[in-house]
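The task is simple: from the sequences and hints, build the whole structure.
So the sequence lines, in the order shown, correspond to chains A and B.
In terms of my numbering, the first sequence has 147 at position 147, counting the first letter as 1, and numbering is strictly consecutive.
In terms of my numbering, the second sequence has 5 at position 5, counting the first letter as 1, and numbering is strictly consecutive.
Do not take every clue at face value.
[Stated by the list, open to error] Below are the DSBU-like pairs computed for lysine-lysine, each with C-alpha atoms no more than 35 Å apart in a straight line:
| no. | chain 1 | residue 1 | chain 2 | residue 2 |
| --- | --- | --- | --- | --- |
| 1 | A | K7 | A | K54 |
| 2 | A | K20 | B | K84 |
| 3 | A | K40 | B | K37 |
| 4 | A | K73 | A | K207 |
Simulated from the structure, these hints should not be mistaken for lab results.
Chain by chain, the residues run as shown.
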Amino acid sequence: MITAEQKPIEEIREMIGPYKRVLVVGCGSCVAECAAGGEKETGMLASALRMAAKMEGREVLIEEITLDRQCVKDFVIQLDEVIDQYDAVLSLGCGAGVQAVAEMYPELPIIPALNTEFLGETRDQGLWVENCVGCGDCMLYFFGGICPLARCSKQLLNGPCGGSMDGRCEINPDLPCAWQLIIDRLERFDALDRLERIYPPKAWSKKQGRGPRKIIREDQQRVEV
Amino acid sequence: MTDKRQFTLALFYCQNIPESSLPERQALEEAYGPSLKLFPIPCTGRLEPLHLLRALEEFADAAYVIACPGGACRYFEGNLRARKRVGVAGDLISAIGLERERVGLVANEDGDPKPLATLAREVMDRVALLEPSPVLNKKDRQKGDPP
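This is the structure:
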């Protein structure tokens, strides 16, 4: 899922400062799972912003709503009924959500309340870790399900760097050496021969360098009648 | 002082606190009048930071939680979770310039747990040191009961 963290409230207050009627829009998907922009967080932020405005003696309207998904226009369209009442939207969606709302309502400023971080795994309650860089050319088969691009600090594709000690990364000893994990895992499956291949430098053109990426699935698209 | 009389405390408490059933609650409400709003909850683990924030936003000068002693939660960790959530609410109000002391958690004592009335008085004494909340204007203060 996509992970995010809330921006400092001072930064948010500065961005919404010029507006008198603000709709705070949460998202019930990824950012709710990582406790950054779900219904609870949206309510808390809106409440704090209202209190801050009252303390300053400012007359502002700050109301909140949480959509099931902010990055899908079929859900964003629910805002149609209320959006006219506001002169700005403060979005607690990820970057994709903010832009989906902005595209739907081009006449309104859509302000991000979150910093979108990474594709994360929920490792434990309150702990999210980056295990995937979204490279566009998954190599997890060859590396026993451990991605060296996301989990090796040096992003090495052809074995460990030689600096790891006792299975820990030399760059950040808090982390396990990704290559130690890869070798242990492939050994368990009797598949160490996969490492006899030489893996060329990653072709990053599948991730970046050609503008925003796009996935088209004709079988999932609307049928024209 | 007029402002002192109007000071309102929102007090959330675990229903497993001794002597916290309906008659005792009603007696407390009668004794303190509109300056004390009581909110019984089945376990303080049910509390969300939003409950405290909305109380501060709408009617309360302070919002506190009375929890069971450490290790004595009927649901094992409800009181521990509540302490963290009070911390989250404290961080947030502090970030907008409101005193962190306007929210807090008081855990009952292990071994010789106090009744709700004693704990409520302790919290009232503690928050009496605070000035009236700058969030609430006069109109809000006279509203009376929370929505």
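To see whether the hints hold, each was checked on the structure:
no., hint, result
1, A/K7 - A/K54, "21 Å, holds"
2, A/K20 - B/K84, "33 Å, holds"
3, A/K40 - B/K37, "23 Å, holds"
4, A/K73 - A/K207, "25 Å, holds"
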